[in-house]
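S.K.: Sequence:
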Amino acid sequence: MKLNEIKIGKLNVLDLAIILIVVIFIGIIILNKIDIYDDSGAVVSNSATTFTYTFFVENLSETSKDMIKIGDEVYDKITNVGIGKITNLEITDAKEFIEKNNGEIIEAKMPGKIDVKLTIETNGTIKYGEYLANDSTRIMVGNLKAIKTKYLMCTGTITGIEK
0 MKLNEIKIGK
10 LNVLDLAIIL
20 IVVIFIGIII
30 LNKIDIYDDS
40 GAVVSNSATT
50 FTYTFFVENL
60 SETSKDMIKI
70 GDEVYDKITN
80 VGIGKITNLE
90 ITDAKEFIEK
100 NNGEIIEAKM
110 PGKIDVKLTI
120 ETNGTIKYGE
130 YLANDSTRIM
140 VGNLKAIKTK
150 YLMCTGTITG
160 IEK
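Numbering-wise (numbering that gives the first Met the number 0), the sequence shown opens with residue 0 and increments by one.
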């Protein structure tokens, strides 16, 4: 007996399966368009918004500081999707721990290396507490991400997110 020969009333099982898939698909679309509110009345999902996040890059070459500027567009290196614009830039000397001959451990400047903290502003969506830059690229604290600007490619860690 074939699947399309099993009848339930005037519909066969195949027709019912297709109808069920269409209903589920329409339900998913509707759920993605409805805002969900928390107890305080704030929207917690599906809200188009602008948010900023901080991105920390360690041990860049000192020559890199001339290659990164406030106002530069930032792209995800893998997908080449825009994930914001640099609004603030903090450059500090890179540090490392070294052990002296007497066993003492000290923090010292790494010659020719810098650490960079970028503040990046982006348009995106917050869906169920998840931040999406440009509605597609996930931004999560602690996430290691490869980025690129007009003149620089590097990998760093997302250290914070603010609405």
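In short, the hints are calculated from the structure, not lab data. Heads up, some of the hints might be wrong.
[What the hints assert, rightly or not] Keeping only pairs whose Cα atoms sit at most 20 Å apart, straight-line, the calculated PhoX-like set for lysine-lysine is: (1) K84 with K68; (2) K108 with K64; (3) K116 with K84; (4) K116 with K147; (5) K112 with K64; (6) K116 with K162; (7) K84 with K147; (8) K108 with K68.
S.K.: Each of the hints needs a verdict: does it hold here or not?
M.R.: Hint check:
1. K84 with K68: holds, 10 Å
2. K108 with K64: With Cα atoms ~16 Å apart, K108 and K64 stay inside 20 Å; holds.
3. K116 with K84: Given that 20 Å is the threshold and the Cα spacing comes to 13 Å, the pair holds.
4. K116 with K147: Judged against 20 Å, a Cα distance of about 14 Å means the pair holds.
5. K112 with K64: holds, 10 Å
6. K116 with K162: Distance ~18 Å between K116 and K162 Cα, so the pair holds.
7. K84 with K147: holds, 11 Å
8. K108 with K68: Given that 20 Å is the threshold and the Cα spacing comes to 23 Å, the pair is violated.
The earlier numbered hint that this structure contradicts is number 8, and it is the only one.
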